[in-house]
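A.B. asks: Read off the chains here:
Protein chains: 2
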Amino acid sequence: MAAAESRKLAELDDEECFALLAPGGVGRVAFTDFVGPAVVPVNFVLDGRVLVFRTALGGWLDQSLTTSIAGADVRIAFEVDDFDPATRTGWSVLARGGAHHVPAAEAGDLRVDSWAGDDRQSYIRLTPREISGRRVRA
Amino acid sequence: MAAAESRKLAELDDEECFALLAPGGVGRVAFTDFVGPAVVPVNFVLDGRVLVFRTALGGWLDQSLTTSIAGADVRIAFEVDDFDPATRTGWSVLARGGAHHVPAAEAGDLRVDSWAGDDRQSYIRLTPREISGRRVRA
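Residue numbers (the working numbering), protein chains in the order written: chain S, 167 to 304; chain E, 167 to 304.
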């Protein structure tokens, strides 16, 4: 890594990554449908070390995750960041792993907000198999 | 679409989507590497109707795009959004299409900022094949 880059970028360890995810908020989930990669914003919460978000049951994201499941993991990526254009500082965290539906009996205890409508009745969870993060300084 | 949802979500047309992308800023590019989907934040500019961003030459994103090119399109997705937690309003735009390197001779005219370091010498462009957007109201 070049000196110019090491001055600006710092890798975060797992603990720092989960600490940044802990407040929840808006993240972006990347998945693959029949034409290629896609990415959409969702509200999420962190439940222990598991990311949980809601999507519309039978909708695009839900279907893309469900169609190819058949018992196997469907890989997704989840990205959360916060940047300040004024100071050119910020951070980003990327979590990757298998997506799974949360059983209805467990979903009730998770207070996952959805701005886009209360019809988002499919709860998806991601237990990160890999997590990485970076902090950027001016 | 349920009435509850139509009150909260409005689809944006192509013109509205490009207008929201016009100022540039931070977006998230989703791509696929050998284990599945990934998504990372990048600075971008809109050049006409083409999205342009920078990444590290030979880095993870650059390699994932380059490795599988061999003349064919590598599909990526690009997402830009702006949400206000206080009012629970905001918008998001998703552009999808093939990723291509910008020839060095053309890259000089594009002022694409990179916060993460000046070693981001690979310029990637995305001419959206599909673009869609949504606005959410409280």
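Because the hints were derived from the structure by calculation, they are not lab data. There could be a bad hint or two in this list.
[Unchecked claim] Using C-beta positions, here's what the derived DEER-type ranges look like:
hint	chain 1	residue 1	chain 2	residue 2	range
1	S	GLY214	E	ARG295	33 to 43 Å
2	S	ASP250	E	ALA176	42 to 52 Å
3	E	GLN287	S	GLU272	44 to 54 Å
4	E	PRO269	S	GLU272	49 to 59 Å
5	E	GLY224	S	HIS267	36 to 46 Å
6	E	PHE200	S	PHE200	15 to 25 Å
7	E	ASP279	S	ALA176	15 to 25 Å
[As the list claims (entries may be wrong)] Footprint (simulated), chain E over chain S, 3 or more residues, beta carbon under 8 Å:
hint	segment
8	201-214
9	241-248
10	254-268
Think of the CB as a built atom: it goes at the ideal place given N, C-alpha and C, for glycine as much as any other residue.
A.B. asks: For each hint, tell me whether it holds in the structure or not.
C.D. replies: Against the structure, the hints come out as follows:
A hinted range of 33 to 43 Å for the beta carbons of GLY214 of chain S and ARG295 of chain E is consistent with their spacing of about 40 Å. ASP250 of chain S and ALA176 of chain E have their C-beta atoms about 29 Å apart, which leaves the hinted 42 to 52 Å range violated. Checked against the given bound of 44 to 54 Å, the beta carbons of GLN287 of chain E and GLU272 of chain S, roughly 47 Å apart, stay inside it. For the pair PRO269 of chain E and GLU272 of chain S, the beta carbons lie near 52 Å from each other, so the given range of 49 to 59 Å is met.
A hinted range of 36 to 46 Å holds for the C-beta pair GLY224 of chain E and HIS267 of chain S, which are about 38 Å apart. For the pair PHE200 of chain E and PHE200 of chain S, the supplied restraint of 15 to 25 Å holds, since their beta-carbon distance comes to about 20 Å. The beta-carbon spacing between ASP279 of chain E and ALA176 of chain S, approximately 19 Å, falls within the hinted interval of 15 to 25 Å. By the rule of at least three residues with a Cβ nearer than 8 Å to a Cβ of chain E, the coverage given for the segment 201-214 of chain S holds, with 7 such residues.
Under a criterion of three residues with beta carbons nearer than 8 Å to beta carbons of chain E, the stated coverage of the segment 241-248 of chain S is upheld, 6 such residues being counted. Three residues within the 8 Å Cβ limit are the bar, and the segment 254-268 of chain S against chain E gives 5, so the coverage statement holds.
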